[in-house]
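The task is simple: from the sequences and hints, build the whole structure.
The numbering of the sequence shown is the working numbering, which starts it at 1 and goes up by one.
The reader is advised that the hints may include incorrect statements.
[Stated by the list, open to error] Pairwise CB distance ranges, derived in the manner of DEER restraints:
no.	residue 1	residue 2	range
1	46	173	27 to 33 Å
2	103	210	17 to 23 Å
3	201	75	20 to 26 Å
4	24	175	27 to 33 Å
Hints listed in this document are in silico derivations from the structure and should not be mistaken for laboratory results. Every residue gets a Cβ at the ideal spot worked out from N, C-alpha and C, and that includes glycine.
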Amino acid sequence: MAADMPVKAPPAAAPSWSGFYAGVSIGARWAANDWQTSDVSPNFAGAIVPTAGTGGAIDSVAARFGGYLGYNAQISTSWIAGVEADFGWADNKKTATPLPGTAGLFFGAPLVGLPSGTVKETWDGSLRGRLGYLVGPATLVYGTGGVAWQRLELSANCTVVPGNSFCFGSAHNETYASTRVGWTLGGGVEHMIGGNWLARVDYRYADFGTWSQTFFTAGGVGIGFDDRFTAHVKARTHTATVGIAYKF
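Here you go:
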């Protein structure tokens, strides 16, 4: 009779998370940029009095497309550690007219022909560590953090107009670009589907510090006129994506 008893099948082995993986992602990137203006027309220090504050936000949101590559090591039955690099592109761009901090009085008269300005972010990338906990054999909740890069462009332009013109030396149209280095922190949830496929939802915050840039230096220095001002832009981003990767 014992020979006729059913035999219980052994439990299925838990999937392994160890190994290299590569994937693609799509989502959105919110750029939070705080623009402050100082040293307006320094040859006339004290003659220009701001009437609308010295700064303001120039924020934008854009679709982001990217890819990522990493390695996971399953260090216990519940914990995963790894490293990941990613690269993405989005067309974050916002123009403010007038530029924050440029409205004011010059020798008591309102300035006219105020400059406009644009903040633009294009590509970004990061290199991060990851640490995650398996809430189930196929579901990972993780945190991530490391170094981040962001391509940032600042533009400003103005024309000479009749009256108490902000640009009373000459018209200007200038753009400066910089690859900013900062830090990033975030987290997400990743789920193993179909054997070697990993689907995820991810969020990260990044801070790239403050970039100070002087505008309108060409033709803007002299006893008769001075068109210069200095921009201080604090750049931060919020990035949310969904992705799918293949584990090798």
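Do the hints match the structure? See the list:
no.: 1; hint: 46 x 173: 27 to 33 Å; verdict: holds, 28 Å
no.: 2; hint: 103 x 210: 17 to 23 Å; verdict: holds, 22 Å
no.: 3; hint: 201 x 75: 20 to 26 Å; verdict: holds, 23 Å
no.: 4; hint: 24 x 175: 27 to 33 Å; verdict: holds, 31 Å
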